[in-house]
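A.B. asks: Each chain, letter by letter, is given below.
Number of protein chains: 2
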Amino acid sequence: MSKLIQPKVLKGFRDFLPETEIARKEIQETLEDTFKSFGMVPIDTPTLEYTEVLLGKGGGETDKQIYRFNDLGGRDVAMRFDLTVPFARFMAAHRNDLYLPFKRYHISKVWRGENTQRGRYREFTQCDFDIVGLDSPEADFEILSVMHASLTALGIEKIHIHLSHRGIFNRFLEKLEIMEKSAEILRIVDKLAKIGEDNVIKQLKELTSSKNAALILEYINAAGSFKEILSKIEELSGGPSAESERLRIVRGMMKECGIEDLFILNPSITRGLDYYTGIVYETFLDDLPGIGSVCSGGRYNNLASIYSKEEMPGVGSSIGLDRLMAALEELGVSAPRNSLTDVLILNMDEKLKGHYFNIASILRKEGLNCEVYLETKKMKNQFNFAERKNIPAAIICGEDEYKENKINLKDLSARENYNMITIDEASEKIKTMLGRAII
Amino acid sequence: MSKLIQPKVLKGFRDFLPETEIARKEIQETLEDTFKSFGMVPIDTPTLEYTEVLLGKGGGETDKQIYRFNDLGGRDVAMRFDLTVPFARFMAAHRNDLYLPFKRYHISKVWRGENTQRGRYREFTQCDFDIVGLDSPEADFEILSVMHASLTALGIEKIHIHLSHRGIFNRFLEKLEIMEKSAEILRIVDKLAKIGEDNVIKQLKELTSSKNAALILEYINAAGSFKEILSKIEELSGGPSAESERLRIVRGMMKECGIEDLFILNPSITRGLDYYTGIVYETFLDDLPGIGSVCSGGRYNNLASIYSKEEMPGVGSSIGLDRLMAALEELGVSAPRNSLTDVLILNMDEKLKGHYFNIASILRKEGLNCEVYLETKKMKNQFNFAERKNIPAAIICGEDEYKENKINLKDLSARENYNMITIDEASEKIKTMLGRAII
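Going down the list, the protein sequences come from chains A and B.
The numbering of the first sequence is my numbering, which starts it at 1 and goes up by one.
The numbering of the second sequence is my numbering, which starts it at 1 and goes up by one.
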């Protein structure tokens with residue numbers, strides 16, 4: 001016999017056992033149902049792309065983290081590291097096959113060879129949704145509504161979405177005549193929560209001046225009601241503008257829909273990246289503020305500029321599914337399950353093997369998940385199996401029951417028996433049991 | 001402005017536009033619902049693994065097709081080329097965390113740098129389901145039942161599953177005293193449909209003898225009823241055995257469940273690979289025999305032998321999702337849709353923006369997929385949008401309707417109007433419309 005190979009997985013990668021994969025799939029299904037209810041459609045793109053297509057002009061952190069190699073045909077290829085770049089490439093390639101505004105969602109894995117010490121994975125799932133081809137307050141509001149509806153559907157009610165507007169911030173920087181330093185300023189302001197106010201002031205002073213640093217702090221720390229903060233940043237940025245008017249319209253729609261209390265105007269939200277031009281936002285869970293934003297995004301004015309001359313304005317948001325799963329578990333919203341089986345049909349009698357599958361087939365038509373124990377074994381073993389898989393009901397059918405075309409049903413959690421009933425009666429009883437378990 | 005990058009995808013890879021991705025997701029959901037109804041649970045494994053783990057002792061076709069490279073840490077890694085090898089590794093690694101028999105399904109992408117000329121993709125989706133940790137006729141029958149139930153759920157009723165038993169064939173080869181050549185014989189017999197009977201005889205003659213070649217042909221060409229063929233191969237392999245008895249028991253269960261006509265005992269089915277030891281099968285669509293088997297598999301006696309000393313017998317099957325999708329489209333079972341939206345709410349009046357989202361929100365709670373047109377535009381543009389997306393209903397609400405808390409509903413396919421009705425009434429009418437469309 002040859003030497004065994006150790007069944008190890010790569011650092012930063014992991015297997016999904018049934019408990020985790022069942023939970024992950026249910027979260028994904030809930031999110032997809034929500035996206036579809038807003039008229040969004042799914043797309044998918046290749047895992048591997050030309051490196052040039054993914055990295056564009058290149059440079060920056062991403063290059064150092066990307067899984068890149070030469071394929072069998074000698075092409076320089078790489079695994080996607082996010083869903084935004086492939087989406088931009090997708091829009092440039094298929095613009096003429098799509099109706100605009102195009103509302104898509106995309107849930108897929110991405111890969112980054114990151115440092116795994118911070119509890120990060122090198123293979124993780126992203127969930128992006130965007131509306132492309134339109135710059136309107138309705139589109140801005142819709143993405144915010146999808147974010148709210150998604151988290152509500154997952155059972156997370158206590159959230160706040162912090163939002164701001166990059167266009168107003170840019171007007172403010174222009175007024176201070178430091179717009180050319182906007183990328184660095186954004187990067188510093190974005191670190192506020194991480195490095196603290198003193199360090200932000202220090203770094204801004206070094207970059208611009210004491211006076212400008214103080215004004216930037218005044219801007220990002222503006223406090224009060226939504227209305228008051230908006231007036232304040234409007235004033236600091238040189239008065240009313242199309243950008244501040246946009247925020248007012250979106251705020252009006254929030255009020256009309258009765259969800260205005262979920263939103264906090266927070267001028268310190270900037271979303272580091274150069275990419276954004278309009279409204280930007282991050283979402284925090286009231287009960288788990290420490291985990292950071294679970295859903296972030298904003299408006300950009302040109303998605304596919306590196307591939308196409310056509311301007312494609314859009315607005316979108318991204319959910320980190322792995323972080324969200326951890327949050328749901330920590331909040332106790334989802335209890336892990338290792339099985340989805342509703343009823344186990346015991347295998348009691350060699351001669352009745354086929355009949356057991358018949359019973360299962362009838363119950364499946366009633367929408368019940370059921371399995372036949374797959375060999376004739378002691379009752380004890382079969383009940384142990386049901387217990388380990390948390391199966392709530394068992395059906396027992398011996399020769400006596402078979403002759404009468406009846407079965408015995410056991411409610412395994414309530415420990416009650418219903419003997420000599422028909423399969424239809426059993427089906428109704430199991431459905432009642434499951435309803436009870438849900439309530 | 002810098003030079004544009006061409007938004008091209010790699011050869012053998014492809015984007016999934018909404019039409020295709022909606023169809024793919026629906027097929028996957030139907031399959032998953034079927035698997036779950038049999039008590040199967042999902043798992044997932046990493047896309048990248050140590051090359052040594054994936055290739056084992058290596059050698060063969062796979063090595064030449066695998067996407068293999070050194071990662072940023074210098075590890076020799078590769079992208080998975082099937083779901084069987086990762087599953088074997090998974091079982092060896094997690095054996096103690098799982099209840100046996102373990103019934104899992106796994107639907108994921110795999111990658112092979114194959115020749116793309118035969119219309120093959122280098123990135124494609126596999127769908128595997130297995131029962132591991134048990135060697136019983138019930139388990140054999142259950143996998144066959146899952147195959148049948150899966151295709152039925154997808155709307156494909158006219159199928160035949162051709163099956164055979166590798167154990168009986170092995171007994172036959174032992175009787176002829178040519179068991180040591182079984183791997184080559186299997187490879188030749190497996191090519192019967194491709195290279196024709198004459199070539200098979202020729203190659204078998206060269207490998208063994210004229211007499212043996214004739215006997216092998218007699219074996220694989222055995223004709224008649226299931227019972228007759230079974231008697232024939234039983235006789236050729238030296239009489240009744242545990243293996244032929246297994247086939248009889250499975251046949252009994254098919255009869256008990258009234259699905260025996262779906263199954264054809266076909267001794268020419270061998271499934272080339274060394275790996276199989278028991279029952280083996282392939283599934284053909286009556287209306288599309290030319291596309292080959294859409295679902296194949298069999299019983300093996302040791303899944304994880306390269307990673308673990310523990311024997312893990314199992315039985316499983318695999319669906320090629322891309323081939324199946326093509327078949328469903330060709331059979332006209334699935335009509336491509338570019339949208340899942342049930343109703344469009346027209347955007348008529350700047351002042352009513354928020355109200356439109358309110359209407360949408362109420363309809364979503366009724367389970368309808370709906371979208372607000374995301375800017376105030378001419379009616380004509382908005383109706384065009386509905387038409388391009390095949391949205392069956394539209395809601396119109398101007399100031400008059402708003403004041404009365406009413407709306408106008410348009411059935412866009414039947415071209416009927418329902419004016420000044422409540423949102424609840426509209427919701428009921430739309431549901432009726434959709435029901436009508438389905439029937």
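Just so you know, these hints were derived from the structure itself, not from any lab.
Among these hints, one or two may not hold up.
Heads up, the list lumps identical chains together, so a pair's fine if it works in one copy or across two of them.
Below, a list of computed lysine-lysine pairs in the BS3-like style, where the Cα atoms sit at most 25 Å apart [stated by the list, open to error]:
| # | residue 1 | residue 2 |
| --- | --- | --- |
| 1 | K309 | K109 |
| 2 | K406 | K255 |
| 3 | K389 | K255 |
| 4 | K109 | K36 |
| 5 | K351 | K377 |
| 6 | K109 | K8 |
| 7 | K109 | K25 |
| 8 | K36 | K25 |
| 9 | K429 | K36 |
| 10 | K389 | K36 |
| 11 | K36 | K431 |
| 12 | K109 | K11 |
| 13 | K365 | K255 |
| 14 | K232 | K429 |
| 15 | K25 | K380 |
| 16 | K205 | K431 |
A.B. asks: None of the hints should be skipped; say for each whether it holds.
C.D. replies: Each hint, compared with the structure:
no., hint, in the structure
1, K309 x K109, "neither (29 Å within a copy, 33 Å between copies)"
2, K406 x K255, "between (59 Å within a copy, 20 Å between copies)"
3, K389 x K255, "neither (47 Å within a copy, 30 Å between copies)"
4, K109 x K36, "both (20 Å within a copy, 23 Å between copies)"
5, K351 x K377, "within (13 Å within a copy, 71 Å between copies)"
6, K109 x K8, "both (21 Å within a copy, 21 Å between copies)"
7, K109 x K25, "both (13 Å within a copy, 16 Å between copies)"
8, K36 x K25, "both (16 Å within a copy, 12 Å between copies)"
9, K429 x K36, "between (34 Å within a copy, 20 Å between copies)"
10, K389 x K36, "between (33 Å within a copy, 13 Å between copies)"
11, K36 x K431, "between (28 Å within a copy, 16 Å between copies)"
12, K109 x K11, "both (16 Å within a copy, 21 Å between copies)"
13, K365 x K255, "between (46 Å within a copy, 19 Å between copies)"
14, K232 x K429, "neither (63 Å within a copy, 48 Å between copies)"
15, K25 x K380, "neither (32 Å within a copy, 40 Å between copies)"
16, K205 x K431, "neither (67 Å within a copy, 62 Å between copies)"
Hint compliance for this structure: hints 1, 3, 14, 15, 16 are not met, and every other hint is.
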